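Chains A and B, in that order, give the protein sequences. Taking the working numbering, I'd label the letters of the first sequence as residues 318 to 637. Taking the working numbering, I'd label the letters of the second sequence as residues 522 to 812.
Please keep in mind that the hints were generated in silico from the structure rather than gathered at the bench. Check before you lean on any hint, since a few could be wrong.
Which bits of chain B does chain A cover? Going by a derived footprint, with three or more residues having C-beta under 8 Å, they are [stated by the list, open to error]: (1) 549-555; (2) 672-683.
Derived list of chain B stretches under chain A, where covered just means 3 residues or more per stretch with a C-beta under 8 Å from a C-beta of chain A [to be verified]: (3) 607-614; (4) 620-627; (5) 634-640; (6) 644-655; (7) 715-722; (8) 757-769; (9) 778-789.
All values derive from a computational prediction rather than experimental measurement. Glycine included, every Cβ here is placed at the ideal spot set by N, Cα and C.
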Amino acid sequence: MTADVVATRRAAPRSGARRLLSRHWYAWAMTAPVVIVTLVLVGYPLARGIYLSLTDATEGNMGRTIGMNVIPSTYEFVGLKNYTDILTSAEFLGRLTWTVVWTVVCVALHVGIGLGLALLLNRPMRLRSLYRILLVLPWAVPAFVSAFIWRYLLNGEFGVVNAMLRAAGFSGIAWLDDPFWAKVSVIACNVWLGVPFMMLALLGGLQAIPRELYEAAEVDGATPWQRFRHITVPGLRPVSSTVVLLGTIWTFNQFPVIFLLTKGGPGGSTEILVTYAYRQAFEGIRNYSGSAAWGMVILALLVVMAAVYRRALRQQGEAW
Amino acid sequence: MSHAAPAPAPAGGWSRDRRSPGKSVALHLTLIAASIVSVFPVAWLVLTSLKPRQVIETASVAPIDHPTLANYTQVLGETRFLTWAANSVIVSLVTAVLGVLLSATTGYAVSRFRFPGFRSVMWMLLITQMFPVAILIVPIYNLMAGLGLINQFPSLVIAYLTSTVPFCAWMMKGYFDTVPVSIDEAGRVDGLTPFGTFWRLILPLAKPGLAVAAFYSFITAWAEVAYATAFMTGDDKYTLAVGLSQFVGQHKAEWGLLTAASVLIAIPAAVVFLLVQRHLVTGLTAGATKA
Numbered sequence: 318m319t320a321d322v323v324a325t326r327r328a329a330p331r332s333g334a335r336r337l338l339s340r341h342w343y344a345w346a347m348t349a350p351v352v353i354v355t356l357v358l359v360g361y362p363l364a365r366g367i368y369l370s371l372t373d374a375t376e377g378n379m380g381r382t383i384g385m386n387v388i389p390s391t392y393e394f395v396g397l398k399n400y401t402d403i404l405t406s407a408e409f410l411g412r413l414t415w416t417v418v419w420t421v422v423c424v425a426l427h428v429g430i431g432l433g434l435a436l437l438l439n440r441p442m443r444l445r446s447l448y449r450i451l452l453v454l455p456w457a458v459p460a461f462v463s464a465f466i467w468r469y470l471l472n473g474e475f476g477v478v479n480a481m482l483r484a485a486g487f488s489g490i491a492w493l494d495d496p497f498w499a500k501v502s503v504i505a506c507n508v509w510l511g512v513p514f515m516m517l518a519l520l521g522g523l524q525a526i527p528r529e530l531y532e533a534a535e536v537d538g539a540t541p542w543q544r545f546r547h548i549t550v551p552g553l554r555p556v557s558s559t560v561v562l563l564g565t566i567w568t569f570n571q572f573p574v575i576f577l578l579t580k581g582g583p584g585g586s587t588e589i590l591v592t593y594a595y596r597q598a599f600e601g602i603r604n605y606s607g608s609a610a611w612g613m614v615i616l617a618l619l620v621v622m623a624a625v626y627r628r629a630l631r632q633q634g635e636a637w
Numbered sequence: 522m523s524h525a526a527p528a529p530a531p532a533g534g535w536s537r538d539r540r541s542p543g544k545s546v547a548l549h550l551t552l553i554a555a556s557i558v559s560v561f562p563v564a565w566l567v568l569t570s571l572k573p574r575q576v577i578e579t580a581s582v583a584p585i586d587h588p589t590l591a592n593y594t595q596v597l598g599e600t601r602f603l604t605w606a607a608n609s610v611i612v613s614l615v616t617a618v619l620g621v622l623l624s625a626t627t628g629y630a631v632s633r634f635r636f637p638g639f640r641s642v643m644w645m646l647l648i649t650q651m652f653p654v655a656i657l658i659v660p661i662y663n664l665m666a667g668l669g670l671i672n673q674f675p676s677l678v679i680a681y682l683t684s685t686v687p688f689c690a691w692m693m694k695g696y697f698d699t700v701p702v703s704i705d706e707a708g709r710v711d712g713l714t715p716f717g718t719f720w721r722l723i724l725p726l727a728k729p730g731l732a733v734a735a736f737y738s739f740i741t742a743w744a745e746v747a748y749a750t751a752f753m754t755g756d757d758k759y760t761l762a763v764g765l766s767q768f769v770g771q772h773k774a775e776w777g778l779l780t781a782a783s784v785l786i787a788i789p790a791a792v793v794f795l796l797v798q799r800h801l802v803t804g805l806t807a808g809a810t811k812a
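So that you can see chain A by itself, here it is in the shape it has in the complex (with noise of 0.2 Å):
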């Protein structure tokens, strides 16, 4: 991928090759230090990665140096070993449904939670600010600070939401210890901290949208329903279509939530394919090559994700 990003200048007879250098050489150069930079420190890791995820390098095999002693890699090339073995497992399949569950369940909840508070925060009305500095906190505070404070919320034994549910007459939940609870709570934990960005960024966007438009549409006799439908909607567009797909990325890469609020637990029903391949390199006997190998799947996913993406753009008139 990264790797034909410097080829593909477009073939240029030779004769116009130096007056495309001279009409280009300074976009060329403004570019070059993030180019230099992704090529060195994102190209060169992801070509030793494909190449680690085609041997069957762990932990034990890997070259290493201790004190004085140089312990040299005895990995061996296995070929698309790793690749069938992960595309035949249970586990894969398993994985991805979770983590696309996660994905749409999230940022569904983020995108219909966040549009509802930002037309309700569009409306002139008294206290406003102080809504919208209350319903912003949960993005202010750091992630990781969050996944601790629901970790202890939702604790088992002295946990507060428990507390509250005996207090009514309730049995307790076993909020992390269920695979089904746990699931419950890593989305509780992820919809709570993401949905301030999608309702600031939806509210920027709803009073972009004139005045004009709605009062016309008044005018003509259209019910708020229509007026949500036809101008409301479509007048969001270009917004909501960025933010689902941020939303949608850093949920699908969503790692301190699970990480630290569940630790991909009980018995590995909340992991999400990001916190499955961390986990294979670096807990337990580390597998380096499998790891590198489910990274290797995620990035596939990726990459037809944003060539849905791009298409979706350039339906949009967008021009790339």
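With chain A's structure known, arrange chain B on it following the hints.
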């Protein structure tokens, strides 16, 4: 659009004077309920941090119970909290500064010029910022181990730059897009080179955009967990995210320390954040608002 409303037309569908009292109450009740959900976990965190250990580990729902600052004095005095905080600040600051320095010119170039390779650069920026940690963490870990940089700050900065550089460039493109091209043209007419235009005219105007990109890089690095957990192995090198998880490990759970430390982290973060959040949202969605 042919119905130009006469002068005393009603001012939109949602002016306050036209909302019935019932609707007003419903609106405020909904927002109050949402605010409670949003604030409660943070408020409970603050209240918990003020309780002594024996109260924390009971199912008490009393908001205030034997208030004490013992957790705070213990966090500050008996743990390496301050070291971890300093580590986090160093790593995040270096990441933010390097990220913005490296990506500013690229953001400008892809905002203004259409050149051979433009689409490839845009693709690269889009794809690399989507990279989850799982893709690069193993190869970067192995490379850093080979260079002897494990448990050293540069390894973390390098790992963070892989995502902040493309993201900053992307964000700054959005910001530069909002600066009128006529300014560039004026500069060029006055004989400035493209670099001169960028440096002398556009960059000063884009300071808010740079600040937002830097701030975003900072908080990304500040809150990162995966690389920090894998790379930093000595407890004198932990960042806050790693250090905090030590308080609630496998065998013991020091909720008092955890909550006090969380409050100490969250309050400055939240204050700064609330001050800049408007700009942050604009930065993240820039380019989307002007389709």
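(request) State the violated hints by number, sorted upward, taking the hints as numbered earlier in the document. (result) Hint check: 3 fails alone, others pass.
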